[in-house]
Structures are given as structure tokens and as C-alpha cells.
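**Student:** With the hints in hand, could you dock these two chains into one complex?
Single-letter residue listing:
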Amino acid sequence: MSYIKPSFRHPDLPSNDLGYTKKDYEGVLSTLCAGCGHDSISSAILQSCFEMSIEPHKIAKISGIGCSSKTPTYFLGNSHGFNSVHGRMPSVATGANLANRELTYIGVSGDGDTASIGMGQFAHVVRRNLNMVYIVMNNGCYGLTKGQDSATADIGSKSKAGSVNIYEPIDLASLALELGASFVGRSFSGDKHQLIPLIKAAISHPGFALIDVVSPCVTFNNNAGSTKAYDYVRDHLDATSTVDFVPMKKEIVTSYQDGSSKEVTMHDGSVIHLQKLAEGWDPLDRESALNALHTARNKGEILTGLLYMDAESQGLHDMIETVNKPLNSLAEKELCPGNQALQNINESFR
Amino acid sequence: MQKITAVNDFVIRFANVNGTGSASANNMFAKAVFRMGIPCAPKNIFPSNIQGLPTWYEVRVNEKGYLGRRAGIDIMVCVNPQSMVKDVAEVVAGGYFVYDNTKAIDPSLLRKDVTYIGIPLTEMCLREYTDSRQRQLFKNVIYVGALAALIDIEFCVLKDLVSDQFKGKEKLIAPNIHALEMGYQSAKENYNCPIGIRVERRDNVGDSILLDGNAACGLGAVYAGASVAAWYPITPSTSVVDAFAKYANRLRIDPGTGKKNFAIVQSEDELSAIGMVIGANWNGARSFTATSGPGVSLMSEFLGLAYFAEIPTVLINVQRSGPSTGMPTRSQQSDIVSSAYASHGDTKHVLLFPATPLECFELTADAFDLAERLQTPVIVMSDLELGMNDNMSSPLKWDDERCYDRGKVLSAKDLDKMERFGRYLDVDGDGICYRTYPGTHPTKGAFFTRGTSRDEYAVYTEDGDEYVKNMERLVLKWETTKDLVAPPELYQRKNGSDIGVIFFGTSTHASLEAIDMLVEEGMKIDALRIKAFPFNSEVEDFLVKHDTVYIVEQNRDAQLRSLLVNECEVSPQKLVPVLNMDGMPITAMNIKGQIRKNQSTDDVIPLRKKERGASIK
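For the protein sequence lines, the chains are A and B, in the order given. The numbering of the first sequence is the working numbering, which starts it at 189 and goes up by one. The numbering of the second sequence is the working numbering, which starts it at 61 and goes up by one.
Same shape as in the complex, but just chain B (with noise of 0.2 Å):
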């Protein structure tokens, strides 16, 4: 047998069971890889249930930086007997079994293409422990420290985790390290260490940080001044909230009351939620909500209100896997197509698609100023991939010169200059008319906000030209738009082929490493990020100088495809969609697998040049 020699390039997987304490453990070890400077990508794959069912935590460790998910499981923890069979089948040949010996394990497990690694966590825990808790929670730490001794983590490393940890808490310190000695020992007695997959220490993650990008949106929220959250609890958006709430509590307060610069309402359910995130907004307090898809179907029809009264909205939707309660604690990118035209009538939203923990803070801050310049509703679309899993990210950080954009809101003085205001009246030729907060001024500035058609001046009207008028300067609005939202990043300098890829979100990790693996091969291939939804001129420039477009996306239906097809004056022939849609993140080798078949079948012929050819003849 061959067995796997690796440094610092494999995927390990922990194989636990949910509610048994796991997750920081398992959080430890990630913790350790980044801190010897090994960039490495965390999943969570775990049930949508609180206690008992078999939970996964996966690391890609790579020192080259690739981030995005990669098939195939190089060293598999196992401390889950439910889930064990799966768990052998998944190792990869060559790949190593770590597994709790203290009782045999069932011959038909045993596969001869992999090691076999024994360390006895239950009887180690029965011996130590009196405590059931204690057995249950130091065997999570044991098999780290059994990790550390199999892989060469640098034990100080695992030892400064534990009293950062702990900080406060001092007296875990000295149990905790207690048990990560146990199994280290354990592991050097029984087996040769290192085994042939390890890691060594790099200097490859800079000034990087490892935080969640539901972290990042709460942050983010925090420091765009929002002052009103409402929220139903809804996976895997819930620790947006949190985090908000986390870091409100800690710097928002005010110094001489003691009393809360924000406010937080868990709301009835997720209508409720928009609802207040709409009436605080129109009363000039920054405010979001954040959810998932099925919260989105909820909120529909007040994001057209919000749309066709021009309320500024926040709203940050961690999608997750559709439709209905799909999949609901795993990842897609499937709420694309229900975000953008969210609601009946002829509705339009702002979509911003952060790829990285640093853009769901940045995004989410420039949400707010968009929203609140285009007085209308702007989603933020992160997912469950990127939200509620550790991503290596730039750190944050923050312009302390930067002033909220307000949008156009008209003071008492402004509404004494002027002789009649006209909330609906567009002044600037921009689309994007002027507001007024209620209680501004004692006899000017009031207006009706309603869903009806209205004139100008906010008053109702049936009158069709009237309604025609402010939809066409709604269609203006969503023009200048297109100017004011992040551009496409393009990844190279100048378009030097036929064919092009365009990823957006947590497909950009995966599609960046395939683009490498298909340059290596000799392929040329232009790549392109989008940003935000309107598509600004430089998505449909780089759509029209292309003949083929692959379009990376982890949905069934191809909705940013479609999306594009439906905004662009671009043929949907030329538009070759490359999905994955099981609930995983997809892989490089996924998405390059997908191009190289249809280049094939293509015969490495673009469209354009096919149907030239034909007319020649």
C-alpha cells in the first residue's frame, strides 16, 4: 500500500456527534494549523438537529492558499460509531483512519489501502475522568493532542490556544492541556511520528484572520451605524444577529446612561422583521434584518413595498438549500433569482455578493449608504458556506474619515427655502428623489408613504400616466445604480481568449483553483467576479468579448445565468453553466471537470467561430 506523504497540502475530517462539544476542539485544531502559518479552510457539515446525530467538521490545509473545498478525505477522525461505515468508505487510498480503539473495531471495516490509527479515547477518559460531562469533553481534546503528536502541530501552539481559550477562565487552562498531553503521549508511544501526512511551519497567512462571515455582517452592521436589528431565529443567518448583538453590547453603549445606543427586537417572524426594518428606515434610523431563503419568500411582498415607496431596506439572506426547507444546514447559492425580483409587480433589488469575511463586513456597511442614497432595499447575499464557517480573510478595517451616506434627506431649513416639496419628484434627473424624516418640520416635508400609485407629490392617483411615469423613473433609478454598486474584479489585466468564466460568492475560491489547474494544462481562459446585481457595463463587456462564458454557481437552475440572460443583451447560447447543487461546496476539480466536457464536446470551438464557419460555406 501506498500511503499518503503530504505537508501541509491534505483534508482531514472529524467525524462527531452533535451536542457532544466537539466543535471547539475541532476549532482548536484549525486555530493551530493557521497560527504555524498554514493557510486552511474550515466546514462545518452538520444536521439540521441539536443532539445525538452525526456532525462533520472538515479542514482543507493548504499552503499554497487554496481555499475551496477539495473531494476526497486524506485523514479521517472518527469518534462517531453511527457514522463509521461512511467514514471508512470516504478515506482516500493511502489515507489514514484515526479512530477510538477501546473497543475493537468490526473487521469488515477494515480496508487494506488505509492506516489504521487506534487511540483508546473512551477507556483514556473512563481512567481520568469520574464526570460524564468531563469524559465526553476531554475526548475531544485528547484526539487533538493525539493530532498534534501524528502531524507534528507544534505543541505550544495547541498550549497558547488553550489559555487564549480560557482567558478568564484559568483554572480549564491546566486540565485542558492535561488532556491534549494525554493523547499526544498516547500517540508517540503506539506510532510512528509523524505519519507521512504533516505539517510544517509557514510564514503564508500574513496579517490574514479566521472568523465566520456572519460575524463579518454583524460587524459590518455595527459599524455602518445601524440602530434598529429585527430578526426571526432562522439557519444559518441567526449568528448575524448575534454578532450585531455581541459587539453592540461591547461598544455601543452610552458612557453616561449606561443605556443601549440600538435597539434589537427578535421579531414574531420574519415579515415582522421587515416590517419594523422598513418603518425604522422611513424613520431615519439605520436598520437590517438578516435571514435565509424561506425568511426572503416572507418578506416579499414588503421588499415591494419598500421598492415601489423607495424605503431604504437592509436585508442580509445567508441563503441555504431550497426549495421549501430544502436542505436547511447546507450551503447553496439558490436565492438568486427569488432576491432579485423578490415580490409581485415589476420589482427590481440591489443584490451584493461578498466572497470573503472582509467583503461581508465591507458589503454590509456599504449596504447601508446604498440603500440609503437609492432609497431602496439592498440584499446582501452571503450563504451558509461562507456565513457560518471559519474563512481565512484580510483583516478589517475601517476608514475612520468615512461619513455615512444619509441619501437625500431635506432639513427643516431646506423645506423653509423651498415652496412645495415633492416627495416623488425626481430633481437631481438622477431617479432618486429627495425625503423627509417625519417631525422634521411643523408644516412642511409631510407625506403619505403608501404601496397605492401616487403622484409626485405623494398623493394617491389612479391616473395611468402618472403611474407610468414614476415606474420609468424607477427604471432611471435602477440605471444610476448600476454606477453607484462595487464593479465586476477582473482577473486579468487585459481579456486575452475566446472563453471566459464569470463565479461570484463562495463558488470564487474553487473556480480561482480550477482556472489554475486548466492554465497548467495549456488552456486560456479570461475570469471575471461579479459583485452586485444591476450588472454594471464592464459584466456586459466582458459577456459581449467572449464567445463562450462558463458560469460557476451552486444552484439546480443556472439563476445568476438566468439573471444575466434576462438583464443583458447577451445570447443565453454562449452562456454554459457549471453547477453543483448537493448542499457541498463545490470543488475545483468539479468545476474544471465541467469545462474540460464541454470544451470537448465543443471541440474547443467557440460559438461565435462555429457559426461563422457555417456562413462562409
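So here's chain A without its partners, still in its complex pose (with noise of 0.2 Å):
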């Protein structure tokens, strides 16, 4: 791996619907082991984010602890970032969205992170619709602690020192949809394809979306007998479609063959373009959902792409009714209530 990342850029780089280029979008050199599948992960975010025309600063990226929870720092260097506290980046996520509900929300999590010491938190943050993304690098070990199992490690899945998990593993995508979570996808960090479309319609989702990213770890979870190396991976890869995202007010180019195919239209006019939709399954139905997730676990198969979506998602700020102005940008004339209503409320003390 290189320790200096180059500023040259190449002069005619693609600038988006906004003037901003790739560039714009970058962040720091990732200090990740080379080959990192999290690697491959921060550069989709950073495309969907660019290619969806956001503008850098209105983005929050905001991360637990971890191997995972560094990458904030590796990708859209002019957003504002919160590396917390492990296992708690959903309630600083929450507290920062109800604060300003105009700005996106990415929140970077791990399988430690997640599935062990932050359960409680995730479970949370899932029932409550907060309006963020929450995207699992998921590698089933503890990589910066040197590769211990994680609660996402299969059962009997090998690790690299030889020994082999013997308890039953945490599936995130299925306990989000137990939860009511009202996005959930689960993609692979070495398909782009797949990643950057779930990354894109996860931000146009008007609530909780969950994305699960197998990512390997290649330095202690990358070995024959493991479930999460990239071989295995590979192999045992499943979709429930085919995934397109087309933003709204663009036109749509790709033709779509007839058949197994499907589109959905999101809560901002975007659309999800599904195709090749496996077998009883239906995006809009939790209970297809868990059932395909069920059927392609008992085969040894990952299942990946888009899994469910409720349409008619509501997130938090509906559902607590605040007003439509960022909290944030409220002064004196709309918080405080002044001296008179307090002299009336004495009155009731008296």
C-alpha cells in the first residue's frame, strides 16, 4: 500500500449535476490492510453520493468503533464526522438527525459494532424509522483485536488460527426485518454493481435502511474454512434480483426486458428497477423477504440485494410530529416562551 495519496486529478474529471467532481467526495488515504473488502465500500458510498449529486457538506457520516468505523474518515473529506463510541453510533446518529433533518445521514458500523456490543442500539435505532442509512461492514471477526470470532461468524466457520465457531450466528438482515425495519438490503463488497444502486436507493429512503456488506477481512478472515473470505463469498452468492437505481427526474435509458422484473417507485419519484426477481419473492412483502432470507440461509447460500422496502415509510420526524425546520435553526423568538407566560405559570405554584 502507498502512504502518500497523490493530489494530481485528472483535469477533465467528471463533475456532477452540481459542478462537484470525484474529487469533492474523497477522503483521507485509508490506513486499512490492503485489499480490505471496507475499502471497496467506502469508494461505493462515495460514488452513490456523487453521482446523486449531494452536496459533500450536507452529508453526516457518523461511525461506532472498529476497523469499519475508521472508514469515515476514507471517503467525503467535506462532510462533518463522528467516530463515537462503540456500539452507540445509532444514538449519536439519532440525536444528530433530529437536530437537523436536512442533511443525509450515513452511518458506518461493523459486525462488533453491531451485532455484539451495539444489539441494543440497533435494535433500537431500527424501530424508531430514524431517516439514515446504516451500512454493516461486515467481516465476522474483530479485525483490530486481531481477528477474535464476531457475533456474525457462522457456525462452524473456520478461523485463520484453526479454530471454529461453535455458536449460531447473528443475521443482521433478518432481525432488522423482524424489528420493522423499513429498508433492508444485503450486497457483497466486491460487487460494485449491486453495492452503488442499494447505497442509492437506501439514501432516497425516507427512514431506517439497513445495508449488510459482506466484506472480508483479508488479514484474519480470508482463509479456506471461513464463511466470510472471498472464495467462500464468491461462491455461495445469491440475489433476489438484479438491483437499478434511477434517481428521480432523470430519464430512464436502460431498456428492461419483459418478465421476471419490477419497479418501484420511492417516496421522492425515484425508482428501483428490479430484475430477474427470484422465486416468490416480492421487495414490498416482509414475508417473502424473511422466508427468502430463511430458504437461501438453509441452502449455505448468502442472499443478497435489495430483500425488502416498505413504500410507505414514515421516519422519525413524522412520527414525533416535529416541525419541518431544522431544530437546529430555531433561535429565541421560537424557543423561549418569554417572561409573561412564565409569571402565568407562577400563578399555578401559588
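Accuracy of the hints is not assured; some may be wrong.
[Claimed, not checked] Covered, in the sense of this in silico footprint (three residues per stretch, anywhere, with C-beta under 8 Å from a C-beta of chain A), are these stretches of chain B:
no.: 1; stretch: 274-283
no.: 2; stretch: 309-316
no.: 3; stretch: 322-335
no.: 4; stretch: 451-461
no.: 5; stretch: 497-511
I should point out that these hints are in silico values taken from the structure, not numbers from a laboratory. Ideal placement from N, C-alpha and C gives every residue a C-beta, glycine not left out.
**Tutor:** Rendered as C-alpha cells:
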């Protein structure tokens, strides 16, 4: 790996609708291991935000602790970031989102950060349907502390040191569906074609959007016998469908074949095109998504793609009926009821 | 038997079963005394239980305005057979025992030095009401009516209270007044009224109000512009956010849309609550949480992050008895050390110590200004005694000219004028740096907030020198803090004694009463009330200028004393702890007794003089 990020970019770098080039969405040089799946996810996030023409400073990146949670420094350098406390990213993201509903919130977490220490906060941020993208960079192990099994490691999966995991794994996608998540997807860090449209759809979704991304740890969990190794994952992938995301106002240029395909129109008018749909699966039907996940699991396959989406989703702000203006923009005039009102209140205490 | 005779100076206790609706009747009693212009201090003594266990409500009535607890019960109103043995025993000699004599009292409970007043509460209710819930509720109202006759409460004051209480539910007014009258008549017909203890109208409450500290904190947060509240239920702090919700729903609705200019989230635990508060404050909304000791323990990791990453955070800690679950419905001042130094590594937090509901309101509002000015957690240290009891207080007031101090925040315009923004760059030399909210500027002002060490530009570093520079700047900020927090209150224009007393929060009323007693007995003593941590120079000065300083607090380990020893250049020997930890609010007699005892063992020679004497030899 290199230690210096070259600042030179092609002078004719393409720009997006807002005139930003990809450089405006980059972060600092990654310090993760060369070949780490997480870097591919970072780059997919970057690419999605660039292509969707979201102003870089209108995004907030929030993470917990771990290899995954270090990544927000490696993308979107013009966005505020917050590397918080282990397992507690959801609460910080909730507070931040409550303060300003107008930003796009991208939460990055890992399997340890979410499925172990952060399980409680994960469950509750799902229930609250907070408008955010929650990406789990899932490698089945604790990379920063040298590869211990995490709670998403499959039973029977072998670690680099040769020990076999004896505990049942937690499937975050199934769990999120059970908890009422309004958008659930799963992908593989090595599959940009699927991951980028999924991230874009997740950003457009007005509510909580989980993308569980299997992301092999090249240093500690890429050995034979590991079910989170590149080779194993590639060999066992199965997709619910192909995914294509067409933002609102964009002319649809791709031609879609008849047959097993579906269009899902999102809240903001964007459209998700799904093709080659798995049998018996409907992206708008939670039960079919759960069934599809169970079936894939029984077959030893990793089901990827969009798993479920609630097209009627309402985010936390709408649930608790806050004003449309960001709360952090309110001033004394809106916030302070004034002394006269206080004197009336005093009267009730006499 | 010498019966107690007293006017406007007594303690009355109501012994009830919890969950029977006695609270509102007892509250009516206290408010009636208050509306007769007589200072009073009601206290709930309740179990950690919802229904069926004994609960007590105690009111000290004192026309001189002493509001601390006084031990010994002059009148016991016992409506709970479960606790009767204990209740009889707690009446002072010459006192009165009011009870339900529908069933004859067990002769073994009859004391010769107590006057027994039986009111057939159950019988009256059975006769009057058919509904069982009504029988239970009106029993409480009837004994208040009986008390009106027994101790001379103006009946029209009670009638007005009932009318005020049931405004909008007018149907309930007449039956309540009828119940009051039944009790009144029963007492009048069977006893010589008034008894030796009675109330008499005075004009000693001025424009005071009677409210609980938690409501005042909630109102303080509304007035200070808090727009995000995140919390997890825990006694005795729950009613802080309840009050915030109540007043925000009344006063913070956007007139155009009917939507809320605030957000309240009940979180899954205290970790999540403080995480949300930190996230919201990071993003530029004023946000707070309220909790008690166990919650502070859980929040500790996050508090360290807020300290180190420098994010404003407001936390209201309504303390209760610890450790662990302790006595969850009893008061203590025992989170002083755990709050001051919450979290691992070198951390310290700003603490504010309110002593009255007015201060709960003011210091909560100030906490938001301080937190944003200092970019650090600020913890308001209330407790169960202040938070959950109605306390007499000066009225709340708000200066309409007051602007919120949002601290050092850069706008897009400010950033345009800058070469490079450094989040942790001490531009002004006061240890406080400039921050930006997310979304301010397209290319400038973004930074990465983290709990890891970083340089002045918020870039991750493990360089020891950079780390030291940052930690030393935080110490400089701590020094700056000393001039920004409330100075202590001194109770004398000039120090006039070698002996001093320091107290804070809910030890205040009892301490001041104890000092009056000691002064009356000829002792000279200076007093200081601490209102904030870090301690400013006036506190250090007071320690230096006195040879013996008594530190009054309600915990086992003399925690404030530890903090003073830790933070000030003072000999621990001259700081004498005066403690109370039984969960009941400290009394003046207790404080006086401990000081007296120490003074006599000390031979009334202050430490410094003893040492001086020794050196002369």
C-alpha cells in the first residue's frame, strides 16, 4: 500500500449536476490493510453520493469503533464526521438527525459494533425508523484486536488460527426485518454493480435503511474454511434480483426486458428497477423477504440485493411530529416563551 | 400529660397506603397552609412500589421560614393500619395521633403521652359512598376536612383550592367540598377544636411559589431553548422530562403547522439517551437528558467522549441513595465524585448545585449557556428531596432581553474569511476553540469528531507532544471555567470567625437553621454555599481564611470534602465532615449536634492555633 495520496487528478474529471468532481467526495488515504473489503464499500459510498449529486457538506458520517468505523475518514472529506463510542453510533446519529433533518445521515458500523456491543442501540434505531443509511461492514471478526470471531460468524466457520466457531450467528438482515425495518438490503463488498444502486436507494428512502455488506477481512478471516472469505462468498452468492436505481427526474435510458422484473417508485419519485426476481419474492412483502432469507440460509447461500422496502415509510420526525425546519435553526423567538408566560405559570404554583 | 401547644410551628405527618390517591389530598393540606401565608415544607417519603406499601407525607409548618426537615412528629395522621405501630412510636411526647377509629385501636398502641383523635373515616365513607374507589379517594379528603377543624385551617381556603384543582371538571367540586365538610363536622362535634397545635394566618410567604425542583428544571430547559430531550425513565428524575414535555407541548407548538418545535425521545437506556444528547448538541441543537446515579454510571463513557471531543452536553442528575440500586426513593447527595470525574482517563466535569426550585430553573438555563460556551458537559446536581418535593421558592423569572450564549461557532461567512480552520486551535488563548456545525460550508469547516487523540486540526495523531498540548489546553479551559460558573454565596459581609461552614444544595436550609441556633448559643461562625464546580477563588479563599471548616453533606464518604481536598490547596485536617446518609433529609439539630460535638472535643481551639501553640513550646 502507498502512504501518500497523490493530489493530482485528471483535469477533465467529470463533474456531477452540481459541478462537483469525485475529488470533492474523497477522504484521506485509507490506513486499512491492502485489499480490505471495507475500502471498496467506502468507494461505493463515495460514488453513490457523487452520482446522486448530494452536496458533500450536506452529509454527516457517523460511526462507532472498529475497522469499519475508521472508514468515514476515507471518504467524503468535506462532510462532518463523528467517530463515536463502540456500539453507540445509532444514538449519536439519532440525536444528530433530530437536530437537523435536512442532512443525509450515513452510519457506518461493523459486525462487532452492531451485532454485539451495539445490539441494543441497533434494535432501537430500527424501531424508531430514523431516516439514515446504516451500513454494516460485516467481516465476521474483530479485525482491530486480531481476528476474534464476531457474532455474525457462521457456525462451523474456521478462523485463521484454525479454531471453529461453535455459536449460532446473528443474521442482521433477518433481525432488522423482524424488528420492522423499512428498508433492508444485503450486498458484497466485491459487487459494486449491486452495492452502488442499493446505497442510492437507501439514501433516497425516507426512514431507516440497513445494508448489511459482507466484506472479507483479508488479514484475519480470508482463509479456507471461513464463510466470510472472498472465495467462499463469491461461490455462495445468490441475489434476490438485479438492482438498478434511477433517481427522480432522470430519463430512464436502460431498456428492461419483460418477464421477471419490477419497478418500485420511491417516496421522492426515484425508481428502483429490479430484474430476475427470485421466485416467490416480492420486495414490498416483509414475509417473503424473511422466507427468502431462511431458504437461502438453509441452502448455505448468501442472499444479496434489495430484500425489503416499505414504500409508505415515515421517518422518526414525522412520527413525533416535529416542525419541518431543522430544530438547530430555531432561535429565541421560536424557543423561548418569554417572561409573561412564566408569570402565568408561577400563578399555578401558588 | 403536657400537650404540645404551638402556632404555626409544628411537623405533621400523614401515613398512607401508596396508590390510594392520598397524594393530592395531602398536597391540598400543604397548599392550604401556604395560602394562609405560612411557610411550609412538604416531603414525600415513599416506597419503591406502586400500590399497597406504606407511604408518608410530612409537612413542616414554620412561620419563621425554616424549611429544612425537623425530626419528631407533632401530629400524626394515620390512615394506614400496616404502619400504625411505627407511626405511634414516632409521635413526640405531648403530640397528637389522628386515626381512623371505625375499628377500635389496639390497646397496646395507646401511649399515655399522646392525645388520640379518632375520626371514623371508613364508616363515614361506607355510609356516604357506594363506589369502592370513591370510598377510598374521599377518605383522604375527609381527613383534610377534619384537620381544618382540628388545627384551624380557614375552610374557605380549602374550598378555593378544590375549585382551582378541578377547574374544567366542575362536577367534582361539590362532592369534594362535601367530603371536606363531613370531616370538618365530625371533628367539630367530637373534639374541642382547635387542639393545642394550630395555624393562624400570616403574611410570611410574599410572592413565593410552591413547586418541585424537577418541574423547575424542565421549565428551565424550555426557556433555555432546549429542542432535543432524550431520556430513560429513572426515579427520581423522571418528572424533569415530564415537565419539559408538558410545558413544551403548551408553549412550543408552531402556530402555522401545529407541529412541534422540539423533539423528545424515550431511549432504550441511559447510554443511548446521552448519545442522542451528544449527537444533537454536536449538530447545533440544544439538547439535554435527566437521570440519577445509576444512569450517570452508564453514561460515563459517553461523558468522557463529550469532554475530550468537546461537545456541549447538559445533564440533570437528580441524585438518590446509592450505591447500586441503594434506596431508590430516598434522597442523598452522593454522586458528587462520580459526576465530577465521570469516565476513564483524566476527565472532569462542570457541576452546578441548585438549592431551590428557582435555582433549578436558573441553573438549568445557565447550564445550556455554559455547556455551549465551554463545549463540555455540564451537570446540574439536584436530588430527590429538591426534585420530587414541593419546595417553597421565590417565583421564576426570565429576562426577555436575554440571548442564548451559543459559544464559539463559525458561520459560512466566518469560514470564507479564514485560511484554514482548526477545530482544536486555541485562537483566543482561553482554552476554548471554535467549532462548526455540520452542513455549514461546502469546502471549509468540515472536521472529524473523535474520541481518539488528534492534533489542532482534528487530524488523528498518536504524537505524544500533540496529546500533551491538547490535554494541557483542556486544563486551561478548566481555569477559564472558574470565572464563568456561579460564585459561591457568602452569608456574611466580612468573615468574622475562625470557624466556617460550607454546604450546598439541599443541605442549605438545615445548615442555615443550625447556624442560627449556634449563633443564638453564642458561637460565631461564617458560612458559604457552593454553587458550582470547579471551585472558584472565593471558595479557596474561604478555606484559607478559616481554621476549621465544617463541610455539611448527605453521603457517607464526605464527597464534597474529597473534591475540595483534591482541587484546592488546603490541609484536609481542617475540613471536618458533617454527614447524614440515612436517606431522610438532614436536620438542623443533627448539624448543630455534630458541630457542637466536634467543637467540644476540639476544646474549641481551632487547629491552626493548637499547632501554633505546639511550635512555641
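**Student:** With reference to the structure, classify each hint as holding or not holding.
**Tutor:** Going through the hints against the structure:
Under the rule that three or more residues need a Cβ within less than 8 Å of chain A, the assignment of the stretch 274-283 of chain B holds, with 3 such residues. With 3 residues carrying a beta carbon less than 8 Å from a beta carbon of chain A, the stretch 309-316 of chain B meets the three-residue requirement, and the given coverage holds. As drawn, the stretch 322-335 of chain B meets chain A at 12 residues by the rule of a beta-carbon pair under 8 Å; at three or more, the given contact holds. Interface restraint, the stretch 451-461 of chain B with chain A: holds (6 residues with C-beta to C-beta distance below 8 Å; minimum three).
Under a criterion of three residues with beta carbons nearer than 8 Å to beta carbons of chain A, the stated coverage of the stretch 497-511 of chain B is upheld, 14 such residues being counted.
Hint compliance for this structure: no hint is broken.
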